[in-house]
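> Take a look at the letters that make up each chain.
2 protein chains.
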Amino acid sequence: MDYILHGYWRSSATYRVRIALNLKQIPYRYVPVHLVKEGGEQYSADYTALNPAQLVPTLINEAEDVMLNQSLSIIEYLDETVPDICPLIPSHRVERARVRALAQDIACDMQPIVNLRVLNALRDGFQANDDDVKRWAQKWVVKGFDSIEKRLQTQAGKFCFDFNVSLADVCLVPQVYNAKRFGVDMTMYPLISKIYDNCQALDAFQKAAPEAQSDAI
Amino acid sequence: MDYILHGYWRSSATYRVRIALNLKQIPYRYVPVHLVKEGGEQYSADYTALNPAQLVPTLINEAEDVMLNQSLSIIEYLDETVPDICPLIPSHRVERARVRALAQDIACDMQPIVNLRVLNALRDGFQANDDDVKRWAQKWVVKGFDSIEKRLQTQAGKFCFDFNVSLADVCLVPQVYNAKRFGVDMTMYPLISKIYDNCQALDAFQKAAPEAQSDAI
Chain H
2 MDYILHGYWR SSATYRVRIA LNLKQIPYRY VPVHLVKEGG EQYSADYTAL
52 NPAQLVPTLI NEAEDVMLNQ SLSIIEYLDE TVPDICPLIP SHRVERARVR
102 ALAQDIACDM QPIVNLRVLN ALRDGFQAND DDVKRWAQKW VVKGFDSIEK
152 RLQTQAGKFC FDFNVSLADV CLVPQVYNAK RFGVDMTMYP LISKIYDNCQ
202 ALDAFQKAAP EAQSDAI
Chain V
2 MDYILHGYWR SSATYRVRIA LNLKQIPYRY VPVHLVKEGG EQYSADYTAL
52 NPAQLVPTLI NEAEDVMLNQ SLSIIEYLDE TVPDICPLIP SHRVERARVR
102 ALAQDIACDM QPIVNLRVLN ALRDGFQAND DDVKRWAQKW VVKGFDSIEK
152 RLQTQAGKFC FDFNVSLADV CLVPQVYNAK RFGVDMTMYP LISKIYDNCQ
202 ALDAFQKAAP EAQSDAI
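Going down the list, the sequences are from chains H and V. Residues in the first sequence are numbered consecutively from 2, following the working numbering. Residues in the second sequence are numbered consecutively from 2, following the working numbering.
With the rest of the complex left out, here is chain H (with noise of 0.2 Å):
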């Protein structure tokens, strides 16, 4: 096998590459890092090596000895490596940029600012407790699924973009699972709610699942 996933369960990022790795088809080896346990084991040197930013995921592919970090560009690579099997990015210029556009306002706008790290600073600099944690993370997961749910009005079909699986809803449903966890009130978003619906009926997504990862507890 040649791709080793290094991911954590309950990781969007990692949850992302794992759904894009299971639509393109390629078989890979998931080793977990366990974000919590005894300070978090991205930290330790073995992982830092792999992956200076002591963030997950990182992706190898030893048959052409590349290792690569950041979901996004992995699942590019993914993409163009292996062209024939789902795309995920279109063809066209004008909706590649729609669809790369999406995909951002997730992982560039949404999530980073409410990953773990980002959490667990609040609760260190602003003694922040678990009501204001979940506050904070509402507001920005709301602020942007209200924006995600004003542009899907204008192209939504049964995805994000019409009616194939994109690098949109391989984001999007990660984001959803989160939104969950934060206790978002998913209703206000009806097509987000439909797209993700559409997306976990697949295969590929639920195997992909967080729950359904070796290292879930």
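Keep in mind that a hint or two might mislead.
Identical chains blur together in the list; that is why a pair holds if it fits in one copy or across any two.
Here are the simulated lysine-lysine pairs, DSS-like style, with alpha carbons at most 30 Å apart [stated by the list, open to error]: (1) Lys38 / Lys151; (2) Lys135 / Lys181; (3) Lys25 / Lys208; (4) Lys38 / Lys140; (5) Lys159 / Lys38.
Note that these hints are calculated values from the structure, not bench results.
Since chain H is already given, all that's left is putting chain V on it; use the hints.
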């Protein structure tokens, strides 16, 4: 002039797009969206209609009737639209992934956590004062640059990737500009600093500088 860029002089994401437009030699009209004045012009009904996320930048290409958000997505669109002038994404799959990943190290893992709306939320939600906000910003910029400086040791030349300007440099320069505003000690980062200086020697970067914009104060 077909291209219209809605942005803000000090916005890091707008700064990236200005650099890219200049490098690609694409003339454009700049429409300032003041992020502070009167509670923020990005929240106006007119701007929200352009960009429901109420973030800058938004790029319009009237010739194609295209309206795009997200700086990285916009820059890849420009690169695919004008491929022959100063390519910002390399042609080989693996190199493409590395350039995108470094850009995303900045655009996903650094900038979103220290941008204006997050710093304002710290003030509003956690009574953060100026010192708290500065410490928060420094923390994430230092964390990000520590990791990027290490990555650059294996690959950097005159620019982040060898001797050609890429998407990574287009993201790096605005982040260094921000780091200086936050008082980060850049002598810790000799490679980043050298690349920053090499970029700043180019006309395209100089013309994109925040202080060179019509809305700079």
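> Indicate, hint by hint, whether the structure satisfies it.
How the hints compare with the structure:
no. : hint            : verdict
1   : Lys38 / Lys151  : between (39 Å within a copy, 26 Å between copies)
2   : Lys135 / Lys181 : within (11 Å within a copy, 32 Å between copies)
3   : Lys25 / Lys208  : within (13 Å within a copy, 43 Å between copies)
4   : Lys38 / Lys140  : both (28 Å within a copy, 23 Å between copies)
5   : Lys159 / Lys38  : neither (39 Å within a copy, 41 Å between copies)
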